[in-house]
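Start counting the sequence shown at 1; every next residue gets the next number (full-length UniProt numbering).
Take these hints with a grain of salt, some might be off.
[To be verified] The calculated lysine-lysine pairs, modelled on DSBU-like cross-linking and capped at a C-alpha distance of 35 Å, are:
| hint | residue 1 | residue 2 |
| --- | --- | --- |
| 1 | Lys103 | Lys56 |
| 2 | Lys103 | Lys166 |
| 3 | Lys94 | Lys76 |
| 4 | Lys165 | Lys56 |
| 5 | Lys94 | Lys166 |
| 6 | Lys166 | Lys132 |
| 7 | Lys56 | Lys94 |
| 8 | Lys132 | Lys165 |
| 9 | Lys103 | Lys165 |
| 10 | Lys140 | Lys56 |
| 11 | Lys76 | Lys132 |
| 12 | Lys94 | Lys132 |
| 13 | Lys132 | Lys103 |
| 14 | Lys140 | Lys165 |
| 15 | Lys56 | Lys76 |
| 16 | Lys132 | Lys56 |
| 17 | Lys76 | Lys165 |
| 18 | Lys94 | Lys165 |
| 19 | Lys140 | Lys103 |
| 20 | Lys76 | Lys166 |
| 21 | Lys140 | Lys166 |
| 22 | Lys103 | Lys76 |
[Unchecked claim] Cβ-Cβ distance ranges computed for the label pairs, FRET-style:
| hint | residue 1 | residue 2 | range |
| --- | --- | --- | --- |
| 23 | Pro21 | Thr159 | 17 to 27 Å |
| 24 | Glu141 | Gly42 | 37 to 47 Å |
| 25 | Arg15 | Ile114 | 31 to 41 Å |
| 26 | Ala113 | Arg15 | 16 to 26 Å |
| 27 | Phe138 | Ser41 | 30 to 40 Å |
| 28 | Gly42 | Cys14 | 35 to 45 Å |
| 29 | Asp123 | Ile17 | 21 to 31 Å |
| 30 | Gln125 | Tyr104 | 24 to 34 Å |
| 31 | Trp26 | Ser146 | 21 to 31 Å |
| 32 | Pro157 | Gly61 | 22 to 32 Å |
| 33 | Ser146 | Pro124 | 24 to 34 Å |
| 34 | Ile114 | Asp179 | 17 to 27 Å |
Hints are computed from structural coordinates only; laboratory data are not their basis. By construction, the Cβ of each residue, glycine as well, lies at the ideal position given by its N, Cα and C atoms.
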Amino acid sequence: MQVVLLFPPLNSLCRTIALTPAPPGWTGRFWARTGCNFDSSGHGNCVTGDCGGVLKCAGAGGVPPVTLAEFTVGEKDYYDVSLVDGYNVKMGIKPQGGFGDCKYAGCVSDLNAICPNELRVMDPQNNVAACKSACAAFNKEEYCCSGAHSTPQTCSPTTYSMTFKKACPDAYSYAYDDDTSTFTCAGANYLITFCPNGS
Numbered sequence: 001m002q003v004v005l006l007f008p009p010l011n012s013l014c015r016t017i018a019l020t021p022a023p024p025g026w027t028g029r030f031w032a033r034t035g036c037n038f039d040s041s042g043h044g045n046c047v048t049g050d051c052g053g054v055l056k057c058a059g060a061g062g063v064p065p066v067t068l069a070e071f072t073v074g075e076k077d078y079y080d081v082s083l084v085d086g087y088n089v090k091m092g093i094k095p096q097g098g099f100g101d102c103k104y105a106g107c108v109s110d111l112n113a114i115c116p117n118e119l120r121v122m123d124p125q126n127n128v129a130a131c132k133s134a135c136a137a138f139n140k141e142e143y144c145c146s147g148a149h150s151t152p153q154t155c156s157p158t159t160y161s162m163t164f165k166k167a168c169p170d171a172y173s174y175a176y177d178d179d180t181s182t183f184t185c186a187g188a189n190y191l192i193t194f195c196p197n198g199s
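Using the sequences and the hints given, assemble the complete structure.
Below you can see the structure in the form of structure tokens.
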């Protein structure tokens, strides 16, 4: 299951949605689409996170770069905020109740403000709308953790992923960033905030 939040052009208000109750066995991801314009038939596009030029994604994923909130719900829930597919908005996950670790996960820094030139995605007004992952920008094995670099032993953080990690220490910055970026909780509900100003 995928849940997508739309941000119309020039709208910078933050939004919070609740995953209540978190259904057992559910796996899914949330992302925001920004700079969206749709006609009355539901056709149009978004500057970031577009899913085929339609209002209802119907199972299609958002086109990177997008910040992702990812969940696997079970006896123990696993959740994270991921920058592996790039970054478009600030995002946070806050468990409500539950037991276990149940820590806040998120990226509350504005990575668009520090995005290297070679990773920038610009909007029609020439503002930085998103920051690509190095994998998306360069399509090289060492950035994508693929081919000869497809294991945790052969795929190390890069200068780009370390820039993301320094700004957002609680978010996935590359494919094998599990130790500091995967969070667990049991029996909780979750609040997912887009554009949060803090935890």
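Outcome of the hint check:
1. Only pairs whose Cα atoms come within 35 Å are accepted, and Lys103 paired with Lys56 is accepted, the gap being roughly 32 Å.
2. With a C-alpha separation of about 19 Å, the suggested pairing of Lys103 with Lys166 holds against the 35 Å cut-off.
3. Our distance criterion of 35 Å between C-alpha atoms is met by Lys94 and Lys76, whose separation comes to about 16 Å.
4. For the hint pairing Lys165 with Lys56, the CA-to-CA distance comes to about 32 Å; that is within 35 Å, so the pair holds.
5. The suggested pairing of Lys94 with Lys166 holds, with an alpha-carbon distance near 21 Å, which does not exceed 35 Å.
6. Restraint check for Lys166 and Lys132: satisfied, since their Cα atoms lie roughly 16 Å apart, inside the 35 Å limit.
7. Note on Lys56 and Lys94: the hinted pairing holds, with a Cα-Cα distance of about 26 Å set against a maximum of 35 Å.
8. At most 35 Å may separate the alpha-carbon atoms for a hinted pair to count; Lys132 and Lys165 meet this at roughly 14 Å.
9. Proximity of Lys103 to Lys165 is assessed by CA-CA distance (about 17 Å); at most 35 Å being required, the pair is judged to hold.
10. Between Lys140 and Lys56, the direct Cα distance comes to roughly 32 Å. Compliance with the 35 Å bound is thereby established for this hinted pair.
11. Between Lys76 and Lys132, the direct Cα distance comes to roughly 32 Å. Compliance with the 35 Å bound is thereby established for this hinted pair.
12. The hinted pair formed by Lys94 and Lys132 meets the criterion: a straight-line CA distance of about 25 Å does not exceed 35 Å.
13. Pair hint Lys132 plus Lys103 holds up; C-alpha atoms about 27 Å apart against a cutoff of 35 Å.
14. Restraint check for Lys140 and Lys165: satisfied, since their Cα atoms lie roughly 20 Å apart, inside the 35 Å limit.
15. Taken as a hint, the Lys56 and Lys76 pair is honoured in the structure, with Cα atoms around 30 Å apart against an allowance of 35 Å.
16. Pair hint Lys132 plus Lys56 holds up; C-alpha atoms about 24 Å apart against a cutoff of 35 Å.
17. Under the criterion of a C-alpha separation no larger than 35 Å, the hint pairing Lys76 with Lys165 is consistent with the structure, at around 26 Å.
18. Restraint check for Lys94 and Lys165: satisfied, since their Cα atoms lie roughly 19 Å apart, inside the 35 Å limit.
19. For the suggested pair Lys140 and Lys103, the alpha carbons sit about 33 Å apart, so the restraint of at most 35 Å is met.
20. A distance of roughly 28 Å separates the Cα atoms of Lys76 and Lys166; the hinted pair therefore holds under the 35 Å criterion.
21. Between Lys140 and Lys166, the direct Cα distance comes to roughly 22 Å. Compliance with the 35 Å bound is thereby established for this hinted pair.
22. The straight-line distance between the Cα atoms of Lys103 and Lys76 is roughly 13 Å, inside the 35 Å bound, and the hint therefore holds.
23. Taking 17 to 27 Å as the suggested C-beta distance range, the pair Pro21 and Thr159 does not conform, at roughly 42 Å.
24. Remark: the range hint 37 to 47 Å for Glu141 to Gly42 is upheld by a beta-carbon distance near 39 Å.
25. Between Arg15 and Ile114, the C-beta spacing of about 23 Å breaks the proposed range 31 to 41 Å.
26. In this structure, Ala113 and Arg15 meet the distance hint of 16 to 26 Å, their C-beta atoms being roughly 20 Å apart.
27. Restraint check, Phe138 to Ser41: a C-beta distance of roughly 37 Å satisfies the suggested window 30 to 40 Å.
28. The hinted window of 35 to 45 Å between Gly42 and Cys14 is violated, with their beta carbons roughly 25 Å apart.
29. Take Asp123 and Ile17: their Cβ atoms lie about 24 Å apart, and the range 21 to 31 Å holds.
30. Separation of Gln125 from Tyr104 is about 33 Å and conforms to the stated range, judged on CB atoms against 24 to 34 Å.
31. The given range of 21 to 31 Å is respected by Trp26 and Ser146, whose C-beta atoms sit roughly 28 Å from each other.
32. One distance hint, 22 to 32 Å for the beta-carbon pair Pro157 and Gly61, holds here, with the actual separation near 24 Å.
33. The given range of 24 to 34 Å is respected by Ser146 and Pro124, whose C-beta atoms sit roughly 33 Å from each other.
34. Ile114 and Asp179 have their C-beta atoms about 24 Å apart, which keeps the hinted 17 to 27 Å range intact.
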